[in-house]
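In order, the protein sequences belong to chains P and U. Using our numbering, the first residue of the first sequence is number 1, and each one after it goes up by one. Using our numbering, the first residue of the second sequence is number 298, and each one after it goes up by one.
Mixed in with the good hints, there may be bad ones.
[What the hints assert, rightly or not] Between beta-carbon pairs, the in silico distance windows are:
hint, chain 1, residue 1, chain 2, residue 2, range
1, U, 576, P, 60, 36 to 44 Å
2, P, 264, U, 608, 49 to 57 Å
3, U, 580, P, 285, 36 to 44 Å
4, U, 500, P, 148, 53 to 61 Å
5, P, 126, U, 576, 29 to 37 Å
6, P, 96, U, 453, 37 to 45 Å
7, P, 285, U, 522, 37 to 45 Å
None of these hints come from the bench; they were simulated from the model. In this text, a Cβ means the ideal position worked out from N, Cα and C, and glycines have one as well.
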Amino acid sequence: MSDIAFFGAVEIGLVYALVALGVFLSFRVLDFPDLTVDGSFPLGAAVAATLIVAGANPWAATLAAVLAGAGAGLVTAVLNLRFHILHLLASILTMIALFSINLRVMGRPNVAILMQDTVLTPFYGLGLPEHIVRPLLVLAFVAVTVLLLAWFLSTEAGLAMRATGVNARMARAQGIDTGRQVGFGIALSNGLVGLAGALFAQTNGFADVTTGMGTIVVGLAAVIVGETVLPLKGMVWALAACVVGSILYRLAVQFALSADAIGLQASDLNLVTAVLVAVALILPRLKARRKTRRAAA
Amino acid sequence: MMRVMAGAAMALALAGGAVSVQAADGKTVAITAIVEHPALDAVRDGVIAALDQAGYKAGAGLTIEFQSAQGNPATAAQIARRFAGMKPDVIVPIATPSAQAVAAATRDLPVVFSVVTDPVGAQIVKSLDAPGANITGVSDMAPVADHLALIKEIVPAATRVGVVFNPGETNSVSMIKVLKDAAAKSGMTVVEAAAPKSADVQTAARSLVGKVDAVYVPLDNTVVSALEGLLAVGVQSKLPVFSADSDSVARGAVATIGFNYRQVGEQTGAMVARVLKGEKPGAIPVEMARGSDLVVNAKAAAAMGVTLPDSVTKRASKILP
Numbered sequence: 001m002s003d004i005a006f007f008g009a010v011e012i013g014l015v016y017a018l019v020a021l022g023v024f025l026s027f028r029v030l031d032f033p034d035l036t037v038d039g040s041f042p043l044g045a046a047v048a049a050t051l052i053v054a055g056a057n058p059w060a061a062t063l064a065a066v067l068a069g070a071g072a073g074l075v076t077a078v079l080n081l082r083f084h085i086l087h088l089l090a091s092i093l094t095m096i097a098l099f100s101i102n103l104r105v106m107g108r109p110n111v112a113i114l115m116q117d118t119v120l121t122p123f124y125g126l127g128l129p130e131h132i133v134r135p136l137l138v139l140a141f142v143a144v145t146v147l148l149l150a151w152f153l154s155t156e157a158g159l160a161m162r163a164t165g166v167n168a169r170m171a172r173a174q175g176i177d178t179g180r181q182v183g184f185g186i187a188l189s190n191g192l193v194g195l196a197g198a199l200f201a202q203t204n205g206f207a208d209v210t211t212g213m214g215t216i217v218v219g220l221a222a223v224i225v226g227e228t229v230l231p232l233k234g235m236v237w238a239l240a241a242c243v244v245g246s247i248l249y250r251l252a253v254q255f256a257l258s259a260d261a262i263g264l265q266a267s268d269l270n271l272v273t274a275v276l277v278a279v280a281l282i283l284p285r286l287k288a289r290r291k292t293r294r295a296a297a
Numbered sequence: 298m299m300r301v302m303a304g305a306a307m308a309l310a311l312a313g314g315a316v317s318v319q320a321a322d323g324k325t326v327a328i329t330a331i332v333e334h335p336a337l338d339a340v341r342d343g344v345i346a347a348l349d350q351a352g353y354k355a356g357a358g359l360t361i362e363f364q365s366a367q368g369n370p371a372t373a374a375q376i377a378r379r380f381a382g383m384k385p386d387v388i389v390p391i392a393t394p395s396a397q398a399v400a401a402a403t404r405d406l407p408v409v410f411s412v413v414t415d416p417v418g419a420q421i422v423k424s425l426d427a428p429g430a431n432i433t434g435v436s437d438m439a440p441v442a443d444h445l446a447l448i449k450e451i452v453p454a455a456t457r458v459g460v461v462f463n464p465g466e467t468n469s470v471s472m473i474k475v476l477k478d479a480a481a482k483s484g485m486t487v488v489e490a491a492a493p494k495s496a497d498v499q500t501a502a503r504s505l506v507g508k509v510d511a512v513y514v515p516l517d518n519t520v521v522s523a524l525e526g527l528l529a530v531g532v533q534s535k536l537p538v539f540s541a542d543s544d545s546v547a548r549g550a551v552a553t554i555g556f557n558y559r560q561v562g563e564q565t566g567a568m569v570a571r572v573l574k575g576e577k578p579g580a581i582p583v584e585m586a587r588g589s590d591l592v593v594n595a596k597a598a599a600a601m602g603v604t605l606p607d608s609v610t611k612r613a614s615k616i617l618p
């Protein structure tokens, strides 16, 4: 694997780490299976790219993308909480609606910002090669997000959110407004996903309406791989595990891309990626089972 | 222990990645498509066939690397980084998202894209005539220049071409721009008639009567969806209507020329060969896909008062009765 390919995988892994953090919030903290992310990721990309093309400051465009993502999450939460539509279905409805909305936002299926200034542009001039600058800058975004999230989840508000996910009935008995917790949590989750979309558009130079496909699968895979690799030791570790999982997933894809050397072809990519992730998940378990068997003997 | 296993898996991944093959002294062409489907596969096969014709035989001095992003732009971005790191002699991205990902990943390796409809709008090149930098390629914009030549061949007196289009459709707006450039080059003028809704199409067509010698229907969803109204004006006023797509010819337009994706691939491959021989991509103008699939509608031609010359009927790959 060349340097450029390696750092490219790390960079895209870091972008999707923000998705993994969002998915961690919805699935793990709130126990809310949320498929909105397949729509809020391209929404973030679409909003950021469209605003940048219209001449907006890239930082403002990125912030707008976060707010748009949060808004999409709020729609899912309202459909679920106010109108009692099953969470899975509510998020699917928002997701499919977002496909049309993303086309509306962009006015066409693909908006290019290859030649516009982005949040990365000022950092390109600092002497480091672009393939290093990009992952470093995304890493800064991810590190700040992890720290803020870890801090938030340890505050009283954050603990209320965690309690809501663990046992909603008990949380209500403690006087927690669980509806507000879910609404805020899903909005925050999709806000992070919108940020990921905005960064993806800016690091790759375009927003495309098809970018969302499978985002949820990637996010979940990152969360689960991360949990397997980094055992739970408090909130910061759990969040860091999402980041590590996301990077490992992208390295697995990068490896799958080189798998033609062992007789596989381009169309096998998804299969190879799935097998690699499955192996990463199964190996530690086999190891653990052998250990217990040995201990028993 | 878990972390040790993960470390081993990582090491394996890195070692495996390093096995990437490259011919010792030959050339390497890395091709990537956003997704595998018959049209894009035909482009890839066309590229390889044209390289073969130009003396670059796959497996004998030429290494071909092919990756499909399987429809996923994030994977397209990773493939772009991988190719940028491999440093092949030419990278050939097929379709817009792949081309944008490659353009973002490298500013110095030679890139020849294929089937990007609007490379300027997609910000892959600054201009079609002088792309500059490291990138050129072939656009699958309808072969508008070929269409104008066809109009001239069937209606030799034609100098004014009318076009009905929806100014709200990005694709047709960029197509009208290309049409005007092509018309200027062949000494023709374009007369525009806007139809923002399909209900406006017939009115817009009527406004062209007396002002033009032929009408051209671009790839415009609004106009194509209300095509019959426009065709009726053509028949009533003996104003021949030409189209950019063959479906419209089946519905009653006189003729069109289409390309097939294999041809577009061959056209791209010829460009790749020029770059392999040492030309700078930035100095090669972007080419519009050339078409040779001529489709004519004899009945429509008669109804609109035009006689199809033998040169056209002989060349046609399909004549609708």
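Going through the hints against the structure:
Range check, residue 576/U to residue 60/P: about 42 Å between beta-carbon atoms, so the 36 to 44 Å window is met. The hint said 49 to 57 Å for the Cβ distance between residue 264/P and residue 608/U, and at roughly 50 Å that hint holds. For residue 580/U paired with residue 285/P, a C-beta distance near 58 Å fails the hint of 36 to 44 Å. Distance hint check: the CB atoms of residue 500/U and residue 148/P are about 58 Å apart, consistent with the given range 53 to 61 Å.
Separated by about 34 Å at the C-beta atoms, residue 126/P and residue 576/U satisfy the suggested range of 29 to 37 Å. A hinted range of 37 to 45 Å for the beta carbons of residue 96/P and residue 453/U is inconsistent with their spacing of about 52 Å. Taking the beta carbon of each, residue 285/P and residue 522/U are about 57 Å apart, not inside 37 to 45 Å as hinted.
Hints 3, 6, 7 from the list above are not met by this structure, while the remaining hints are.
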